[in-house]
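Protein chains: 2
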Amino acid sequence: MRIGIVGGTGKQGSGLAMRWARVGHTIAVGSREVAKARAHAAELVNRGHTGIEGGDNAWAAATAEVLVLTVPYEAHRATLESIVGLASGKVVIDVTVPLQPPKVSRVHLPPGQAAALEAQEILGASTPVAAALHHVSAAHLADPSREIECDVLVAADHARAKSVTLDLVRDLGLRGLDAGPLVNAVALESLTPVLIHLNRTYKSPGAGILFTNLSNPPGAKSGS
Amino acid sequence: MRIGIVGGTGKQGSGLAMRWARVGHTIAVGSREVAKARAHAAELVNRGHTGIEGGDNAWAAATAEVLVLTVPYEAHRATLESIVGLASGKVVIDVTVPLQPPKVSRVHLPPGQAAALEAQEILGASTPVAAALHHVSAAHLADPSREIECDVLVAADHARAKSVTLDLVRDLGLRGLDAGPLVNAVALESLTPVLIHLNRTYKSPGAGILFTNLSNPPGAKSGS
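The listed protein sequences derive, respectively, from chains U and W.
For the first sequence, counting from 1, position 80 maps to 138 in the numbering used here; every step adds exactly one.
For the second sequence, counting from 1, position 167 maps to 225 in the numbering used here; every step adds exactly one.
Source of the hints: derived by calculation from the structure; they are not laboratory data.
Each hint should be verified, as a subset may be incorrect.
Listed below are the simulated SDA-like cross-link pairs for lysine to any residue, each with C-alpha atoms no more than 25 angstroms apart in a straight line [as the list claims (entries may be wrong)]:
#  : chain 1 : residue 1 : chain 2 : residue 2
1  : W       : Lys161    : U       : Ala217
2  : W       : Lys161    : U       : Lys69
3  : U       : Lys69     : W       : Pro168
4  : U       : Lys161    : W       : Ser221
5  : U       : Lys261    : W       : Asp225
6  : W       : Lys161    : U       : Tyr260
7  : U       : Lys161    : W       : Ala183
8  : U       : Lys69     : U       : Val81
9  : U       : Lys161    : W       : Gly170
10 : W       : Lys261    : U       : Arg218
11 : W       : Lys261    : U       : Leu144
12 : W       : Lys261    : U       : Ser273
13 : U       : Lys161    : U       : Val81
14 : W       : Lys261    : U       : Asp225
15 : U       : Lys161    : W       : Lys161
16 : W       : Lys261    : U       : Ala217
17 : W       : Lys161    : U       : Lys261
18 : U       : Lys261    : W       : Arg218
19 : U       : Lys161    : W       : Lys261
20 : W       : Lys161    : U       : Val81
21 : U       : Lys261    : W       : Lys261
None of the values given here were measured: they were computed from a predicted structure.
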């Protein structure tokens with residue numbers, strides 16, 4: 059599958075690109091700056107991760123089958139508005155957390171309650187949004203050999219958005235869990251400041267979260 | 059310590075009462091109905107859990123050193139308003155989740171963003187509120203011999219509220235984690251509908267949550 063990572067030159071986008079490329083997906087890394095995205099993709103290819111290309115966000119949105127949004131919250135609305143037509147009909151996986159720097163260990167609810175709900179409103183009903191991947195440490199993701207102790211909650215209203223996202227989570231080597239409707243993105247996004255607080259308080263390079271006592275999880279890797 | 063459990067005749071209140079009584083705390087189980095609370099406490103004592111008494115919520119609030127609030131969200135404001143003077147200066151641990159039945163697997167944000175933030179506003183600054191214990195399965199809690207695979211996130215603005223709550227969590231046999239300021243109750247409360255959704259989707263009697271990769275947690279029992 060061809061995956062467009064919009065705003066994909068950061069740590070999180072890089073880790074996702076490498077892990078998905080490793081299992082055969084083709085990755086279009088997008089950025090507002092074409093040169094930056096191309097250099098970034100070239101660097102990943104040089105490090106042995108084939109199937110990764112770079113371009114601007116519009117190109118990534120236009121050429122990919124599924125889009126993943128990894129932008130800071132302050133660029134969220136403008137980025138979505140710039141690709142709304144190009145994204146039409148495609149599943150959009152929103153990884154955005156509405157942090158309010160510098161207080162990134164405090165929950166901040168955006169006007170629309172969750173970035174993913176705002177994304178759905180901007181993109182319109184024909185472009186189904188899933189919220190996922192907020193809790194996976196970017197540092198751990200960027201080391202493709204590392205086994206990550208973190209479940210991935212996936213919230214979406216549309217069945218296709220949910221199933222496509224759960225499949226892509228499994229391709230990352232992680233356990234994806236159906237977290238319910240898109241409004242539950244409020245819980246997913248607001249847990250990230252808590253994880254940042256735990257990292258600071260308990261000197262962790264990247265706290266993760268595992269769910270226990272699930273008797274019938276899909277592609278179970280861990281938990282009990 | 060004498061702990062008042064306001065609205066304590068439900069499953070969650072019972073489990074907390076038994077587990078705290080077992081390690082030597084005295085429990086005042088409160089209810090709007092005195093007879094119900096007394097019968098409930100008598101039943102727990104008959105089952106071998108000594109140190110548990112019942113009475114009305116005002117009596118529980120007045121006689122205890124620390125208060126724990128386990129009421130349905132619809133009774134949250136009225137219950138707090140009925141004990142505001144009696145609770146003054148005491149640590150109040152709010153376990154309330156603002157669910158909106160029958161859609162209890164969907165996040166519902168209350169007017170004040172979190173029940174615990176609303177509690178703090180109602181009680182006033184001299185009565186420090188902590189949010190905690192939203193994710194521990196009531197069924198597991200009610201079996202005092204059961205080892206529960208669930209970390210307990212504790213959010214509070216006041217150091218005393220946080221440390222008293224973390225101590226009481228440890229007394230339950232659970233690992234308590236400092237989840238940051240009280241505003242992070244938004245994350246804690248909104249995760250409960252997600253756990254309810256996981257329970258339904260993956261046929262779990264009570265999903266729990268464990269945090270991984272914490273290098274320096276207090277009273278660590280699990281995780282890595």
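Comparing the hints with the structure gives:
For the hint linking Lys161(W) to Ala217(U), the alpha-carbon distance of about 19 angstroms falls within 25 angstroms, and the restraint holds. A C-alpha spacing of about 37 angstroms is found between Lys161(W) and Lys69(U), which places the hinted pair above 25 angstroms, so the restraint is violated. Taken as a hint, the Lys69(U) and Pro168(W) pair is broken in the structure, with Cα atoms around 35 angstroms apart against an allowance of 25 angstroms. Distance check on the hinted pair: Lys161(U) and Ser221(W) sit about 22 angstroms apart at the alpha-carbon level, within 25 angstroms; holds.
Straight-line distance between C-alpha atoms of Lys261(U) and Asp225(W) comes to about 21 angstroms, which keeps the hinted pair within the 25 angstroms bound. Pair hint Lys161(W) plus Tyr260(U) does not hold up; C-alpha atoms about 35 angstroms apart against a cutoff of 25 angstroms. The suggested pairing of Lys161(U) with Ala183(W) holds, with an alpha-carbon distance near 22 angstroms, which does not exceed 25 angstroms. Note on Lys69(U) and Val81(U): the hinted pairing holds, with a Cα-Cα distance of about 19 angstroms set against a maximum of 25 angstroms.
For the hint linking Lys161(U) to Gly170(W), the alpha-carbon distance of about 20 angstroms falls within 25 angstroms, and the restraint holds. For the given pair, Lys261(W) sits about 22 angstroms from Arg218(U) by alpha-carbon distance, which is consistent with the 25 angstroms threshold. A hinted pair counts as satisfied when its Cα atoms are at most 25 angstroms apart, and Lys261(W) with Leu144(U) does not qualify at roughly 39 angstroms. Distance hint between Lys261(W) and Ser273(U) is fulfilled; the C-alpha atoms sit about 6 angstroms from each other, no more than 25 angstroms.
Distance restraint check for Lys161(U) and Val81(U): the Cα-Cα separation of roughly 37 angstroms exceeds the 25 angstroms cut-off, and the hinted pair is therefore not satisfied. The straight-line distance between the Cα atoms of Lys261(W) and Asp225(U) is roughly 21 angstroms, inside the 25 angstroms bound, and the hint therefore holds. A distance of roughly 32 angstroms separates the Cα atoms of Lys161(U) and Lys161(W); the hinted pair therefore is violated under the 25 angstroms criterion. Distance hint between Lys261(W) and Ala217(U) is fulfilled; the C-alpha atoms sit about 19 angstroms from each other, no more than 25 angstroms.
Restraint check for Lys161(W) and Lys261(U): the C-alpha separation of about 38 angstroms exceeds 25 angstroms, so the hint is violated. For the proposed pair Lys261(U) and Arg218(W), the alpha carbon gap of about 22 angstroms is at most 25 angstroms, so the pair holds. Proposed proximity of Lys161(U) and Lys261(W) is contradicted: the alpha carbons are some 38 angstroms apart, above 25 angstroms. For the hint linking Lys161(W) to Val81(U), the alpha-carbon distance of about 38 angstroms lies beyond 25 angstroms, and the restraint is violated.
Straight-line distance between C-alpha atoms of Lys261(U) and Lys261(W) comes to about 35 angstroms, which puts the hinted pair past the 25 angstroms bound.
Violation of the numbered hints given earlier is confined to hints 2, 3, 6, 11, 13, 15, 17, 19, 20, 21; the remaining hints are satisfied by the structure.
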